[in-house]
Amino acid sequence: MKASSSTNSPTASPAASKAPARTWNDVAPDKKKSVPEGLWLRCPGCAAMLYKENLAANLQVCPECQHHFRVGGTMRVNQIADTGTFQEMFADLESTDRLGFKDLKAYPDRVKAEQIKSGVADAIRAGQCFIKGRDAMLCVLDLDFMMGSMGSVVGETITRSIEHATKHDLPLIIVSGSGGARMQESGLSLMQMAKTSAALARFDDAGGLFVSVLTDPTTGGVTASFAMLGDIIIAEPNALIGFAGPRVIQQTIRQELPEGFQRSEFLKKAGFVDRVVPRGQLRNELARLIDYAGK
Amino acid sequence: MAVYYQLDFEKPVVELERSIQNAEDALRARLAATGAPAESANESEDPEIFRLLTQIDTLRSRHREQLESLYSTLRPWDTVRVARHPLRPQTRDYVNMIARDFTEVHGDRRFGDDPAIVAGFCRIGPVKCLLIGHQKGKETSEKIACHFGCAHPEGYRKALRAMKLAEKFGLPIVTLVDTPGAYPGLGAEQRGQAEAIAVNLLEMSRLQTQIVSIVIGEGGSGGALGIAVADRVAMLQNSWYSVISPEGCAAILWKEANEQTNNAAARALKLTSADNIDLGIIDAVIKEPVGGAHRDPRGTAESLQNWVVNEVHALKKIPLDQLLQQRYDRFRRMGAYTEQGNAAMA
Ligand SMILES: [Zn+2]
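Here the protein sequences line up with chains A and B, keeping their order.
Take the working numbering: the final residue in the first sequence is number 295, and no numbers are missing along the way.
Take the working numbering: the final residue in the second sequence is number 641, and no numbers are missing along the way.
No wet-lab data here; the hints were simulated from the structure.
By construction, the Cβ of each residue, glycine as well, lies at the ideal position given by its N, Cα and C atoms.
Hints may be right or wrong, so weigh each one.
To be verified - Listed next, the stretches of chain B that the computed footprint assigns to chain A, with coverage defined by at least 3 CB atoms under 8 Å from CB atoms of chain A:
| no. | region |
| --- | --- |
| 1 | 423–432 |
| 2 | 478–486 |
| 3 | 495–509 |
| 4 | 532–542 |
| 5 | 561–569 |
| 6 | 619–629 |
Unchecked claim - Below, computed lysine-lysine pairings styled on DSSO-like, alpha-carbon distance capped at 30 Å:
| no. | chain 1 | residue 1 | chain 2 | residue 2 |
| --- | --- | --- | --- | --- |
| 7 | A | K105 | B | K611 |
| 8 | A | K112 | B | K550 |
| 9 | A | K102 | B | K550 |
| 10 | A | K105 | A | K117 |
| 11 | B | K459 | A | K167 |
Turn these sequences into a full structure, and let the hints guide you.
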C-alpha cells in the first residue's frame, strides 16, 4: 500500500505507515477497554467464570453461551484486518467545542476525559487494510469513546472514508456500535447524518460495495443514516439495533417490550438485516462478499 | 382582541390584552347607550367615548411594544414553547393559506398512509410544486391519528415516493418540517424507522430537482432531517431545530427533565433560528409577525410564500448537475473539528 497520495480530500492525512502524531500530548492513554480489567470475569449471558486470555483468544465471545462481549475500536480492527495491514487514516481529526456546550460537565473536559479513558482521539478508527488478502476500506466506531456517538469527527471521518473508497474503487466496511448522534454537537451532529448519507449516494452511483456491520448497540442517528444503508447488512448475534432506545419506546407506549425486540434476529425477521453472523465467521463472510460484489 | 392560550412568559401581554378587551367592551356599551353607530365613534363629541378611544390607542401601542420586546428577548426554552403553541399554523394551515389546487397523494404503496406526513401537488404563487410536510394535528382526534407530528416509516416512504414523482415530472419540492421527532414505537421499529429515514437522506441528496425546506415549528432530530435534505433550508424565526428535544437532552445529560434543566438544555443545544444560522446549518430565517406566527398566521404564510417563490426561482436558474454538486457541498462542509492544529469549520 502506498504511504501517500491515497486520499482524495485536499486536507486528508495520508495513510502513513507510522502512527500520526497526536495533538493531545498531555494525554497518557491507558489500556482500559470494553472488557473490564482483571484475570477473570463473569459472563453476563451464562454466568460462567471466564479466563480473560481465553476470552480474548475467542474474539471476546463466551465459549459457553456465545455471548458477544462489546469490543473497542482497536480490538475490533485487529479482529477484522489481516495482521499488520491496517493503515490508519484521518486520525488527526479532533472535535472542537463549536457550541460551547456545557451540561453537568463542559464538552472539552468530557472529550479529554474520554480520550484518557479510551486512549483514542474520538469514537472512530478508519483506514485501508486487507481482509483475507482483499483490499478494503474499514471504519470502526469505538464504543469506548462516548458510546461511539457521532459528532463532527466521526461524520467527517466516515465521509472521507467513503470518498476514499469511491475514488479508489475499494469495498467499504463500516462496523457500527453507537448510541447515536452526539448531543454535545447538536445540529452539527445531526448534519453528519445527511453528510455521510450523501457520500454513500455517490459511492452507490459509482457501483461500490458497502457492507454495514451492526454490533451491540447500534441506535439513533447512526442507525438512521449510514448504518442502515449497507448494500449488505450484517449483524452480530443478539445485538440491540434500533432507531429509538428501548427505554424511550417503553415510556411512549407504556407497555413491556416483547422478548427479543430490536435484537439482530428480530431485525432479520423483519427484513432489515441480511445476515446474523457470529464474530468468529465475520472475516470469512466479508471476504466472500467482497469476492461476489467488490471490485 | 382574542385572548390566546397563555404561555407563562406572555403574562404581562395577556393582561394588557384583557384591559384592551375591557376598554373595547366599555366603548361598545357607551356607543349603544348614546345610540351612536359604531363607525361614527371617531366623530363622536361624547367625552367618555373620546376617553375610551384614547385609552384603547395607548393600550394597543403599549401592547405592541411589550410584545415586541418580549419576543426579541425570548429564552431558547421559551422559543421552543412558542414553536409548540397550539394555535401555531401547521402544514395543513399553510396548505389552506398558500397552496392552490392542492392535490394530495396518499400512502407508501408498502404498508399504509401516515397522516403525520402530508404530501401533494399544488401551486404556491406562480410555482408549481410538490409540497410535503409534517402534520401534528389540531383537534384531539387528529392529534392522535398524527401521533402529534411523529411520523412512522410509512410516512417517510410516502414522502420519498411523492418526491420521486416530483423528480420525474420536473417539479420543485417544498417541505415543511414540524415534528418533535420520528415516532418511537413497536410498529415503527418493526417496519424500519431508521432505514426509512436513512434512505430519505441518501435519496434526497441525489434527487434531480430543486428542494427547499422550511422548519415551521419543531425540527426534532432525524425525524425532521428525513424530509429536510435540501438545496436551501430556512427556519421560521420562532421554530427550533436540533439533534434532540430539550427534554430528551435534559433527561440524559442532566439526569432529569424539569423546568430548570429543560431551560439549560435548550440553551446548550443552540437550537434557535439565530443559532442555526450561526452554525451554518440553515441559509435563512423567515421573520414572523410581532408576537409569533400564532398571532398572525396569514402574515406568516405570506412571508413563507415569498421566500419559497424567490428561492425556487433562483434555484431553477442553476443547471441540475451544478445544483446537485452544490447540495452535496452544502452538507459536506458541515461540522466543526480540528486537524493537525488547524481549526476547520463551515
Ligand atoms: Zn456465556
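Notebook entry, point to check: Out of the numbered hints, which ones does the structure contradict?
Noted result: 1 and 7
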